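First to last, the protein sequences are chains A and B.
Basically my numbering = 1-based index in the first sequence + 6.
Basically my numbering = 1-based index in the second sequence + 11.
Please keep in mind that the hints were generated in silico from the structure rather than gathered at the bench.
Just to be clear, a hint being listed does not mean it is correct.
Unchecked claim - Partial chain B-side listing against chain A, Cβ under 10 angstroms, derived:
hint: 1; residue: W97
hint: 2; residue: S107
hint: 3; residue: G108
hint: 4; residue: F251
In this text, all values refer to a predicted model and were calculated from it rather than measured experimentally.
Positions of the beta carbon are idealized from the N, C-alpha and C atoms, including for glycine.
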Amino acid sequence: MSATGNAGRALPWALVTPALGWTLLFFVLPFLAMAFSSLTAHDGGGFTLSNNSQFFNNPAYWQAMVNSLQVTAIVTVVSVLLAYPFAWILAEQVPERWQRLALMLAVLPFWTSYVVRSYSWLLVLAQNGVINRALTGSGLFSEPLQIANTRLATIIGFVHFFVMLLTLTIFANLKQLSPSYRKAAADLGAGPVRTFLHVVLPLTLPGIMVGAFLTFVLCIGDYITPQILGGNNELLMPQLVMMQIGRRGDFPLASALSIILMAVVTVAYLACARWLKIERA
Amino acid sequence: MRALVRTFSWLYAVAIYGFIFLPVVVLVLFSLQATSFPIPPFTGPSLRWYDAVLADTRLTSALVNSLLVAILSSAAAVALGFLSAWGFARFALPGSGLMRGLITLPLTVSYLIIGMGLLVLFNWAGVPKSLLAAGIGHVVINLPLCFAIIYSQMGDHQINIERAARDLGAPEWKVLLLITVPVMAPAIFAGFFLSMTFSWDEFVISFLLTRFDTTLPVEIWNLLRSGLNPKTNAVGSLVFAVSIVLVVLFELMLLRRKPA
Chain A
7 MSATGNAGRA
17 LPWALVTPAL
27 GWTLLFFVLP
37 FLAMAFSSLT
47 AHDGGGFTLS
57 NNSQFFNNPA
67 YWQAMVNSLQ
77 VTAIVTVVSV
87 LLAYPFAWIL
97 AEQVPERWQR
107 LALMLAVLPF
117 WTSYVVRSYS
127 WLLVLAQNGV
137 INRALTGSGL
147 FSEPLQIANT
157 RLATIIGFVH
167 FFVMLLTLTI
177 FANLKQLSPS
187 YRKAAADLGA
197 GPVRTFLHVV
207 LPLTLPGIMV
217 GAFLTFVLCI
227 GDYITPQILG
237 GNNELLMPQL
247 VMMQIGRRGD
257 FPLASALSII
267 LMAVVTVAYL
277 ACARWLKIER
287 A
Chain B
12 MRALVRTFSW
22 LYAVAIYGFI
32 FLPVVVLVLF
42 SLQATSFPIP
52 PFTGPSLRWY
62 DAVLADTRLT
72 SALVNSLLVA
82 ILSSAAAVAL
92 GFLSAWGFAR
102 FALPGSGLMR
112 GLITLPLTVS
122 YLIIGMGLLV
132 LFNWAGVPKS
142 LLAAGIGHVV
152 INLPLCFAII
162 YSQMGDHQIN
172 IERAARDLGA
182 PEWKVLLLIT
192 VPVMAPAIFA
202 GFFLSMTFSW
212 DEFVISFLLT
222 RFDTTLPVEI
232 WNLLRSGLNP
242 KTNAVGSLVF
252 AVSIVLVVLF
262 ELMLLRRKPA
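With the rest of the complex left out, here is chain A (with noise of 0.2 angstroms):
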């Protein structure tokens, strides 16, 4: 285009090899250390893939998986039911100057720090917080309902960040169907309901998987969530490899675990591939 000698020929090239450096050198290499790392002994000595087997062998290893899978698989369909008649309600049902401010209000606590939010929820769901207290108080238990340091914390707090996150991207899907498919269906005798089913939620379901597959690849890795409000009693994998950092500086086991993480998403990716073409406009 603007080519003329060397200098035009040198230029992009300069634009654009500091990002490509970058993301060579501290993306792509620390992967590669991380998976050469997971070959090595935790000892020091030559290779192995004990790592690796570990895993598959270590039957707490493997439950960890078996529960993360099960978080979130429950997190991410119920999240999903919550935020779709939120999101519709919103595009459908607010007053059109008033949908901006609506969206703008249910997304909100989405921007605190992970940690804030689910230092939050134990505020609300602890022995002494505010659901124990107003379910005693009010007579209806004696007794305080352990839900911190259970799993349902831990899908409580996420479910709370992933309705947030759906809601955005289901309503940005509702608002960009074109009324005229509305109108058509509804000149064609059908009802509101039929409309909906047939209409309009098969056209939002490529917006819905792309929110699941977010979700899904957000919270299998995710550490705070479960550390903070499902404890230690019952470990998924992100606490399992934080756990050979912190109290044994096992990188070896540590890098085999979250690749092997990494590898599980990989495939949730290829399996949802066709409902995530992302196609310029």
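Once you have looked at the hints, place chain B on chain A.
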């Protein structure tokens, strides 16, 4: 039927808003009471614990650290993202699609794994744990974001303005500084502010890559060991306030851009 749907919609929306705001309201409310436990009944209001936060030099220096890391790493991410986006959008490079894919790849990998990789690499290379190490990690997570935002906004009409400037004899650096940067300013700001909020809130990378001097989320994490503590409520409310300011600034900028 219509009225029924409306009533049900209202009830549902109120319930979800309640669910979304419950923890935030509890957090802020119990940061405002003087007792040593942030639990009901509410006895406030008092600013006692905010004073305690501001008097705690570990927390205040962590706050300064967090701001520094957020500003510097976002500036680096936006600079690298902008230059590469300009390079890819304006010049036909061999293997362009592959290279763009490489730059956006970190978006699909969880922070824990990015942090782990850097920890292993730095450990081998003998790079000590530090704020700089965490900042490097923050650039890794924010560079793809800045690149994607800026690249998607580089349309054809900007190319034409740049061509006009070149035809009028402007050298390449002048085109960049006087034409491209001002025209792309909204996307550049969007990338910068989004990076700021992500870096400001990021925990796991900072947790893995810093030791003594650390960022605010990690320092809050350390506070959590003492269980429910009104000081944590106060500092959490402050962090939330900063995030909200960033988001509102971001919203205002989007609104200002709309008419253009």
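Review point. Is the hint on F251 of chain B kept, meaning its closest Cβ partner in chain A is under 10 angstroms away?
Key: Hint on F251 of chain B: holds, closest Cβ of chain A at ~5 angstroms, below 10 angstroms.
Review point. Holds or violated: is the Cβ of S107 of chain B closer than 10 angstroms to a Cβ in chain A?
Key: 9 angstroms, holds
Check your understanding: At a threshold of 10 angstroms, is the proposed contact between W97 of chain B and chain A supported by beta-carbon distances?
Key -> 6 angstroms, holds
Check your understanding: Is the shortest C-beta separation between G108 of chain B and chain A less than 10 angstroms?
Key -> With a minimum Cβ separation of about 12 angstroms from chain A (threshold 10 angstroms), the hint on G108 of chain B is violated.
The earlier numbered hint that this structure contradicts is number 3, and it is the only one.
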